[in-house]
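Keeping their order, the protein sequence lines are chains A and B.
Just so you know, the working numbering puts 230 at position 53 of the first sequence, and the rest follows in order with no gaps.
Just so you know, the working numbering puts 149 at position 94 of the second sequence, and the rest follows in order with no gaps.
None of these hints come from the bench; they were simulated from the model.
Just so you know, not all the hints are guaranteed correct.
[What the hints assert, rightly or not] 25 Å max Cα-Cα, derived SDA-like pairs, lysine to any residue:
hint: 1; chain 1: A; residue 1: Lys190; chain 2: B; residue 2: Glu96
hint: 2; chain 1: B; residue 1: Lys91; chain 2: A; residue 2: Arg286
hint: 3; chain 1: B; residue 1: Lys91; chain 2: A; residue 2: Arg186
hint: 4; chain 1: B; residue 1: Lys91; chain 2: A; residue 2: Thr288
hint: 5; chain 1: B; residue 1: Lys111; chain 2: B; residue 2: Ala165
hint: 6; chain 1: B; residue 1: Lys91; chain 2: A; residue 2: Pro216
Quick caveat, the model's predicted, so the values are computed rather than measured.
What follows is each chain in one-letter form.
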Amino acid sequence: KAGVTQTPRYLIKTRGQQVTLSCSPISGHRSVSWYQQTPGQGLQFLFEYFSETQRNKGNFPGRFSGRQFSNSRSEMNVSTLELGDSALYLCASSRAPGEVTQYFGPGTRLTVL
Amino acid sequence: SQELEQSPQSLIVQEGKNLTINCTSSKTLYGLYWYKQKYGEGLIFLMMLQKGGEEKSHEKITAKLDEKKQQSSLHITASQPSHAGIYLCGAVPNAGNNRKLIWGLGTSLAVNP
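Based on the provided sequences and hints, a complete structural model is requested.
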């Protein structure tokens, strides 16, 4: 069974641009969560989607948004990029919200110059 | 806001030695997860603890949650180079069943052969 895949793996953008990251969950998993990981703040929850609906949201500005498609694939978008948005963005999937075990993808490393 | 503190921040041990990583909260936790992360890869689920005093083992890794459910320790016996990586603890801070986990900053472990 294929694991969680994220594309692209690496991305370099400049301030003010926008970016879209993609996540394909494990087959049969319908819940997708997004996290931002930085050395200073650690892992921070962005949002969770289930059945194309946002179930939970972390404390991030509105520049961060996401969506989920009918095939459970998810995208997150960051608009008007800032230097502080440089981070590893991780996606995790599970069969349903509240599942004990989440399976994480390898992440997308975003660098904002 | 509630935080998880991990100690030590980093650790270098000789192969074969035992080690312990701690994860501490100022408030009661409703679930404690341990994950391992290797550079450039996602998080790998190790164990989840819920009950005070609970202890779980997987191969040479043992995790415990104290009776007050405010501190967890991860113990590795006879460490091997394959144990190297970043160990992260994540916790459910309230009784609600959602994905807004709080996370420690991680403990970086290096094992010298």
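(request) Below or equal to 25 Å on CA atoms is what counts here, so check Lys91(B) against Arg186(A). (result) 19 Å, holds
(message) Given the hinted pair Lys190(A) and Glu96(B), is their Cα-Cα distance within 25 Å?
(response) The given pair, whose Cα atoms are some 21 Å apart, holds under the 25 Å limit.
(message) Check the hint pairing Lys91(B) with Pro216(A) against an upper bound of 25 Å on the C-alpha distance.
(response) Distance of about 15 Å is within 25 Å: holds.
(message) Next pair to validate is Lys111(B) with Ala165(B); report whether the Cα-Cα distance is within 25 Å.
(response) Answer holds: Lys111(B) to Ala165(B) is near 23 Å, not above 25 Å.
(message) Tell me if the straight-line CA distance from Lys91(B) to Thr288(A) falls inside 25 Å.
(response) At roughly 23 Å apart (the allowed maximum being 25 Å), Thr288(A) and Lys91(B) satisfy the hint.
(request) Quickly compare the C-alpha distance for Lys91(B) and Arg286(A) to 25 Å and report which way the hint goes. (result) 18 Å, holds
Hint compliance for this structure: every hint is met.
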